[in-house]
Amino acid sequence: MSTLVLELSGPLQSWGDASRFVRRSTRALPSKSGVIGLLAAAQGRRRADPLEDLASLRFGVRQDQAGALVRDFQTAIDWRTGKSMPLSQRYYLSDAKYLAMVEGDQDLLEGLAEAVRSPVFPLYLGRRSCPPDRPLVLGVREGSVRDAIADEPWVASSWWKKRQPQKVRLLWSRDAVPTESPDESLHDVPVSFDPRHREYVWRDVVHGWLTVENPEGRKMAEHDPFALLGGDA
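Using our numbering, the letters of the sequence shown correspond one by one to residues -10 to 222.
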């Protein structure tokens, strides 16, 4: 088995999986539907084209740099009538970095990597207003998504690392295997992106933490809360 590793980095990202009407939220981690949509766009697939081969890929993601949640108010006017549309609230993750991983057949993954390097359609991080700020492909690795989560180098920015302690915990999430008890079920596996009949199904996921060393991190001051009491307390 092989795993394609992508670095998702940009000023803004938004990975909604339950947005409705005037409130467009984002999850803390990229969604499988969002990453599959990115891969499909890179290949030049239309919204009504089949997705079975992409949706069947095992998916995982690691949060290498936690972004700040920001909210944007948006207004719109119907150009035909001049009538104001309802005020909408849209949420984004600012200055976040993730590793997204898909596991499957090596030939398929190599083709996807080449497509992402030279995409047919523009690529974005969840929404059209969120372009990436660097090349996405880190490479196709031997091994599983689980291996990539544990082995891939940490890609956080230097400025961010300097604000963190010398040991950092990275949140990760991946598709559960049949022998695992899932931590959560998410409705974000795309069956069709056709705007006339969008359809998604559920997937079981497991979450966890990976601890990494941070040589650039700040030293935590040693503090003994009982020192001021004196004696042998």
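Note that these hints are calculated values from the structure, not bench results. Certain hints may be false.
[Said to hold, decoys possible] When the alpha-carbon atoms are kept at most 20 Å apart in a straight line, the in silico SDA-like pairs for lysine to any residue are as follows:
1) Lys150 with Arg207
2) Lys208 with Ala139
3) Lys151 with Gly206
4) Lys156 with Lys208
5) Lys151 with Ala57
6) Lys150 with Leu160
7) Lys150 with Ala57
8) Lys151 with Arg207
9) Lys156 with Leu199
10) Lys156 with Ala37
11) Lys151 with Asp84
12) Lys150 with Ala139
13) Lys151 with Ile66
14) Lys150 with Ala55
15) Lys156 with Val201
16) Lys150 with Thr200
[Unchecked claim] Pairwise CB distance ranges (calculated):
17) Gly197 with Pro154: 17 to 25 Å
18) Arg69 with Pro142: 47 to 55 Å
19) Ser118 with Pro75: 29 to 37 Å
20) Val109 with Lys72: 35 to 43 Å
Ideal Cβ positions, reconstructed from N, Cα and C, are used throughout, including at glycine.
Each hint, compared with the structure:
1. Lys150 with Arg207: Satisfied, since the Cα-Cα distance of roughly 9 Å is no more than 20 Å.
2. Lys208 with Ala139: 25 Å, violated
3. Lys151 with Gly206: 5 Å, holds
4. Lys156 with Lys208: With a Cα-Cα distance of about 10 Å, the restraint between lysine 156 and lysine 208 holds, given a limit of 20 Å.
5. Lys151 with Ala57: 17 Å, holds
6. Lys150 with Leu160: 15 Å, holds
7. Lys150 with Ala57: This hinted pair holds, its Cα atoms lying about 15 Å apart.
8. Lys151 with Arg207: It holds: about 6 Å lies between the C-alpha atoms, which stays within 20 Å.
9. Lys156 with Leu199: 10 Å, holds
10. Lys156 with Ala37: 46 Å, violated
11. Lys151 with Asp84: 15 Å, holds
12. Lys150 with Ala139: Between lysine 150 and alanine 139 the Cα gap is close to 19 Å, so the pair holds against 20 Å.
13. Lys151 with Ile66: 44 Å, violated
14. Lys150 with Ala55: 11 Å, holds
15. Lys156 with Val201: 6 Å, holds
16. Lys150 with Thr200: With Cα atoms ~14 Å apart, lysine 150 and threonine 200 stay inside 20 Å; holds.
17. Gly197 with Pro154: 17 to 25 Å: 19 Å, holds
18. Arg69 with Pro142: 47 to 55 Å: 52 Å, holds
19. Ser118 with Pro75: 29 to 37 Å: Given a distance of about 19 Å, which is not inside 29 to 37 Å, the answer is violated.
20. Val109 with Lys72: 35 to 43 Å: Given about 37 Å between the Cβ atoms, the range holds.
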